[in-house]
Amino acid sequence: MLIPFSDLLTHLPQGPHGGGNPTLTGVASLTTAQAGELTFVEHRRLLPQLQATQATAVILPLDADLQAVAQARGLAWVSVPDPRLGFALAINQFYQPASLPAGIHPTAVIDPTARLGTGVRIGPQAVIQAEVVLGDGVQVWPGVVIGEQVTVGDRSILYANCTIYERTQIGADCIIHSGAVLGSDGFGFVPTGDGWVKMPQSGRVVLEAGVEIGAQTCIDRPAVGETRIGQGSKLDNLIHIGHGCRLGAHCALAAQVGLAGGVILEDWVILGGQVGAANQLRVGSRAQVAAKSGLHQDIAPGAVMAGYPAIPLPLWRKVVAVVQRLPEMYQTWRKLNRTDAGN
Amino acid sequence: MLIPFSDLLTHLPQGPHGGGNPTLTGVASLTTAQAGELTFVEHRRLLPQLQATQATAVILPLDADLQAVAQARGLAWVSVPDPRLGFALAINQFYQPASLPAGIHPTAVIDPTARLGTGVRIGPQAVIQAEVVLGDGVQVWPGVVIGEQVTVGDRSILYANCTIYERTQIGADCIIHSGAVLGSDGFGFVPTGDGWVKMPQSGRVVLEAGVEIGAQTCIDRPAVGETRIGQGSKLDNLIHIGHGCRLGAHCALAAQVGLAGGVILEDWVILGGQVGAANQLRVGSRAQVAAKSGLHQDIAPGAVMAGYPAIPLPLWRKVVAVVQRLPEMYQTWRKLNRTDAGN
Amino acid sequence: MLIPFSDLLTHLPQGPHGGGNPTLTGVASLTTAQAGELTFVEHRRLLPQLQATQATAVILPLDADLQAVAQARGLAWVSVPDPRLGFALAINQFYQPASLPAGIHPTAVIDPTARLGTGVRIGPQAVIQAEVVLGDGVQVWPGVVIGEQVTVGDRSILYANCTIYERTQIGADCIIHSGAVLGSDGFGFVPTGDGWVKMPQSGRVVLEAGVEIGAQTCIDRPAVGETRIGQGSKLDNLIHIGHGCRLGAHCALAAQVGLAGGVILEDWVILGGQVGAANQLRVGSRAQVAAKSGLHQDIAPGAVMAGYPAIPLPLWRKVVAVVQRLPEMYQTWRKLNRTDAGN
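Chains as they are written, first to last, in this note's numbering: chain A, 1 to 343; chain B, 1001 to 1343; chain C, 2001 to 2343.
A couple of the hints might just be wrong.
[As the list claims (entries may be wrong)] In silico EDC-like pairs for lysine to aspartate or glutamate, Cα to Cα no more than 20 Å straight-line:
1. B/K1335 / A/E328
2. B/K1318 / B/E1328
3. C/K2198 / A/D173
[To be verified] Computed from the model, here is a short list of chain A residues facing chain B with C-beta under 8 Å:
4. L47
5. F94
6. Y95
7. P112
8. L116
9. G147
10. F187
Keep in mind the hints are simulated off the structure, nothing from the lab. Backbone N, C-alpha and C define an ideal beta-carbon position, used for all residues, glycine too.
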């Protein structure tokens, strides 16, 4: 696909630009771009890479020095407030995501009580059980299984081989990646002398609009009530969301996060990869937790935490710097104790 | 569904009760229950929530104060030794889990050498390979793939899109959630100058009766011998069980636990979420390990451990309390060392 | 299957042997082997188990003492430089892995534009989308879904219910286990006042030859460019590989490892289970990282690291030994500070 730089500009936020109007062939990162390609620079510290890039055009921040370098190198350039966002919009001009062929594949098995909106696409080998409701433009990729009474909002995409248990509610404009499982039984058992008695899991999972769920991520339903993922929240791969958790709007959870039962995340919470959170705790809005941290208690809104158990990030950084000196401190302590004993 | 409170009582353990015989409409948690609903109270510390609940009926522990509050508020109530167990039994009266339609769906592909018990249900698009044996009442949900020579005991349920590799043995009354993989190759490779040579994985996975396996959990088979999950053990989502592990009876493993090869868990071991255990170690019966801990060596029966590497929980709590003071301790130590040097 | 010991020897590296030529019935571990079976001993410290084994034949290292014990006990034995490798070769004589029936199952759905090599086997319910290219001898197990324009090299095996997104390139002689997902969207979003804007993920995943991918492992594709797994690398179960990572040749990653976006592993890197690595960092060739460690910065070639954040393993061992003494050190420190204050 060939796109003149000037055509691209009409899709980006307005900003100063220069360097002519080359025809572009694609998009690439700053260090791998070839002649003909568009790239972007996010920070001034990438100035050396800008000086070396082989790209033909570049999206810059509003930074006169970077602009001067681009101009001097003969690159076509545009400056926008958020170059990463600009690059996302530019990729959309070059890239057409794969989509299912239109219509319902004859090998899909669809219960006659299911109700399908207009323009629904269903791929081969998909299974749609009784009383399912699919909104307009929903895509159900091959091998997906959708249980009884599930509802899926308009334009949502369920990628191949994901599984939706009964009664799950998926809002509009959601994306569910392959292998994800929504609505599986919460891990609830009551210990008795004879073993663990299963707590029936009669609740449901609810995804509000605009949620994205990564590959292999599991969201369990609770014994009673619901597990809810708030509007616009994004979950990466291999995440576990326990029964009865409630995520607010616009949370972002990196891969392999695990939330035990009943955890509450308020709006805009960001959790790094492999973070774990214990039962029933609450994380305040816009709190951020560094990768691999373990949360054992409530976190205040806006807090930035790290470690296991998690402590404020600046304190954690100081602790980490000292930990390596512990063996020396221990030697001093032992000598000190011997001296004390000798007195 | 409408159930008189008195009908419910016949399904619960005997205990004192009072407050009349309302007709109940459902079950809910203490804080979300509405008029007409049943809830439960597990601890006396929830007394304030009991005073505020909108529920119509409540399951209590054997506690006269809680009974007095319920009576004073005009709630129907019953006291039982284990309210959580009582609530589980009560949910079973209101809740009918989804089940497959009876029979074998015509799109299922079943090898002619497979042997099916009475009342087996097989959903659309399932695949059952050669010499598989399914016991009476087994449910195979849509998209499940069962490999050669697998056996599944009576009444076990295999939910949608799980995969059972060849020769796996599943006992009676097991539940396998969606996406779980049983019997995949153990991670065995021998390093050579040319790369890793694959150790053939000729063993099998065995699940004893009453085991539940969470969504996306993987249990690998070993090079020789078996990987075994003991009777009544419960595994949550996204767990990795390495080749040749042996779990005793009634173990409970929370989500994202990882056991390396050859780990032995004796009976009734409880592991918190994201716990990891190194190769070949043994955890004694009724030991418990806190979430996110790392086990590097054997754990004694009944021990309660935490941390990485795991140490006894009370000691770990003391260590954690001190860790935050490390930067101050370090400052003192530096001053001390300078003084020593100055002497 | 019955195999004379002498037949087995022709498949093993040359080495001294003794103890006659029994007919062998199978392979087993040193402690579980029964009469008629072959086992192996890897280290001299297993000499007591060798003295107790019920096996009939044993593969030994080049160790005269172990040979003497085997000879004295009347075992058939052979000594080879790498007994584990020898055992792998011996298992291959006894064990025939399950394979798909030849041909294309009639329930598989194959786009007419797909190109299939000779001897390709495709199981029931598999789905192969447009313009896919499968090399000679490829096995596609039941329920696998392969997206548009994917290429799969000769002899590669895709086990049941794995999912390959569009444009992924899989080399020759790869093994993809059940539930694995290759080529799902990288976790790229740009924060705005209205929520997270999705960064289109227009790149692809590339697996070089001889790669093995464990069950449930996810490998994301990047916004631009590729995510690449080098030749002969082996990934265990439930691993997350973020968008744009590049693994060199012969890396080995244990279960539940998580690599954030853009991580580079050079050749022969070994990561223990549950290791996490932050964005964009580089791990030098032949570096090794202990299980559960967290990497926050580049690691030098050949380094052996442990902990969170990871530090050199010998230092980490010293730190860990001291950590348990922290509460005592803290008491001394408090007393010291009181004394200072008292001065």
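How about A/G147: closest beta carbon in chain B under 8 Å, or not?
holds, 6 Å
Given hint A/L47 near chain B, where the shortest CB pair must fall under 8 Å
violated, 36 Å
Report holds or violated for the interface hint on A/Y95, using the least CB-CB distance to chain B and a cut-off of 8 Å.
violated, 29 Å
Tell me if the interface restraint on A/F94 is satisfied: Cβ within less than 8 Å of some Cβ in chain B.
violated, 34 Å
Between the alpha carbons of B/K1318 and B/E1328, is the straight-line distance 20 Å or under?
holds, 17 Å
A/F187 as an interface hint toward chain B, with CB separation required under 8 Å:
With a minimum Cβ separation of about 4 Å from chain B (threshold 8 Å), the hint on A/F187 holds.
May I ask you to test the interface hint for A/P112 with respect to chain B, counting a Cβ-Cβ separation under 8 Å as satisfied?
violated, 12 Å
Run the distance test for B/K1335 versus A/E328: straight-line Cα separation, threshold 20 Å.
The hint holds at about 14 Å.
Pair hint outcome, C/K2198 versus A/D173 [Cα-Cα no greater than 20 Å]
holds, 12 Å
Does A/L116 pass the interface hint, meaning its C-beta sits closer than 8 Å to a C-beta of chain B?
For A/L116, the interface hint is violated, since the closest Cβ of chain B sits about 17 Å away, which is over 8 Å.
Taken one by one, the earlier hints fail for this structure at numbers 4, 5, 6, 7, 8, listed in ascending order.
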